[in-house]
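According to the working numbering, the sequence shown holds residues 1 to 409 in order.
Don't read these hints as lab results, they were simulated from the structure. Each residue gets a CB set at the ideal place from its N, CA and C atoms; glycine is no exception. Where hints are given, some of them may not hold.
[As the list claims (entries may be wrong)] The calculated label-pair distances, taken between Cβ atoms and stated as ranges, are:
1. R334 <-> R45: 38 to 48 Å
2. R407 <-> S62: 56 to 66 Å
3. G175 <-> K147: 44 to 54 Å
4. L374 <-> D28: 13 to 23 Å
5. F49 <-> T394: 51 to 61 Å
6. R334 <-> S61: 16 to 26 Å
7. Q396 <-> R48: 25 to 35 Å
[Claimed, not checked] Taking lysine-lysine pairs in the DSS-like style, the calculated list, with each CA pair at most 27 Å apart, reads:
8. K123 <-> K191
9. K7 <-> K309
10. K309 <-> K279
11. K7 <-> K123
12. K43 <-> K81
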Amino acid sequence: MSEKRVKLQSTLSGREFPFDLIEEFTADGESLEAVIPGITSAKIRPGRFLRERFADFLPFSSIDSGLSLGEGNTPLLEAGKLLESHTGIRHLLLKNETVNPTWSFKDRGSLFCVRMAKEMKEKVTATISTGNMGNSLAAYGARAGLKVLVFVPSFTPAEKILAMNIHGASVLKVGAPDYSLMKNRILGLAKEFSLRIVSGNGPIRVEGYKLTAFEMFEQLNRRVPDFIAVPTSACGHIRGIFKGYRELHEAGFIERLPKMIVVQAANNSPVVSAIKQGKNHTIPFSNFKTVAEAITGGNPAGGDEIVQKAHRYGWLAEDVTEDEIIESHRIFARAGFFVEPATATSLWAVKKLRDQGKIAPDATVVLMLTGSGLKDMDILRTQPQSTIESSLATIQADLHRILNRNRQR
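Input sequences plus hints: build the corresponding full structure.
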């Protein structure tokens with residue numbers, strides 16, 4: 001049990017559950033979140049690591065450095081002229097989570113998941129993933145000496161599965177008509193097998209994502225951005241970042257909260273569609289196809305919480321077409337950022353919101369770069385190639401032609 005006597009609380013009805021609950025959702029599908037005692041009097045402490053400085057805000061009093069792979073400390077960068085011009089936003093920032101140890105934001109949550117497994121003296125842990133989280137938990141499980149099981153849908157890119165295998169994880173590729181159906185079925189097996197099956201929206205993983213908020217709080221010298229755009233599927237990332245800012249607000253460190261921007265692919269937008277239509281519940285999607293394979297939850301467990309938070313706090317929501325995702329992916333690359341397709345959704349989403357007048361041109365907007373382009377190489381087939389077949393006999397002429405063409409631009 002957590003030495004801080006942390007409780008879990010359902011996010012809509014406020015019911016309390018023990019911190020060591022093996023299930024990640026209530027029986028009727030509500031998300032759970034950790035309630036940290038004494039949050040209103042939490043202090044920022046001295047410490048080398050972010051998790052030490054913000055220990056008062058976390059469910060564990062300490063985290064063994066031997067469990068870490070060096071996650072976090074990711075750069076918060078100015079987006080640059082190309083991306084600013086494309087979106088019409090002058091103060092556009094990029095939080096580059098692709099430089100985490102397994103190249104995605106998932107590593108922050110995986111550290112907390114293996115810390116929980118060690119506290120509960122578990123030898124095996126499991127996750128359901130389209131790729132990034134499986135890769136991450138496989139690596140962190142290997143570091144912690146845990147056996148890791150990863151359930152993946154049949155469409156998972158081969159490069160992501162290979163990355164799980166290299167860490168020793170057992171991968172179960174599950175055929176199912178819908179990823180959300182697969183996810184709910186497998187999560188329902190946790191109690192039967194006494195197996196902690198972690199998902200992207202689990203309460204312990206969300207605590208790890210709070211560190212992103214604390215890190216940006218420091219990087220911006222305690223200033224709060226106006227908007228934070230998050231590609232959204234399982235919903236854990238966006239609620240973790242917001243929970244971090246919410247707790248900073250409760251503790252008196254900031255005077256206002258950022259507005260979150262929920263971003264999804266138009267072909268699969270259960271949360272965005274509900275927000276736009278003023279509904280209180282997600283609108284399930286099925287039998288869809290999108291290049292943004294990392295955000296393919298068609299009916300995410302706990303999605304209703306995000307819909308209702310959006311209404312309560314005035315969040316924005318936008319979806320993007322397949323062509324817009326592919327073009328955003330290309331523009332990111334031309335700006336120097338090779339991201340996976342799911343990450344690329346945020347660029348065109350904020351452009352559309354700016355064009356609609358929902359974001360002012362001088363607003364400070366953060367785009368979360370959630371995963372590296374190396375996670376899904378299939379997207380490269382949609383992009384133009386410029387490789388020239390040359391030889392020793394033609395290299396001089398080829399070089400003249402290339403340089404002359406570039407000089408004329």
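Outcome of the hint check:
A hinted range of 38 to 48 Å for the beta carbons of R334 and R45 is consistent with their spacing of about 42 Å. Checked against the given bound of 56 to 66 Å, the beta carbons of R407 and S62, roughly 59 Å apart, stay inside it. For G175 and K147, the Cβ-Cβ distance of about 24 Å falls outside the hinted range of 44 to 54 Å, so the restraint is violated. Look at L374 against D28: about 39 Å separates their beta carbons, and that is not inside 13 to 23 Å.
Separated by about 55 Å at the C-beta atoms, F49 and T394 satisfy the suggested range of 51 to 61 Å. At about 46 Å, the CB distance of R334 to S61 disagrees with the hint of 16 to 26 Å. Distance hint check for Q396 and R48: the Cβ-Cβ separation is about 55 Å, which falls outside the suggested range of 25 to 35 Å. Proximity of K123 to K191 is assessed by CA-CA distance (about 16 Å); at most 27 Å being required, the pair is judged to hold.
Simply put, K7 and K309 have alpha-carbon atoms about 21 Å apart, close enough for the 27 Å limit, and the pair holds. Of the supplied pair hints, the one linking K309 and K279 holds, its CA atoms being roughly 12 Å apart against a limit of 27 Å. Under the criterion of a C-alpha separation no larger than 27 Å, the hint pairing K7 with K123 is consistent with the structure, at around 23 Å. Note on K43 and K81: the hinted pairing is violated, with a Cα-Cα distance of about 38 Å set against a maximum of 27 Å.
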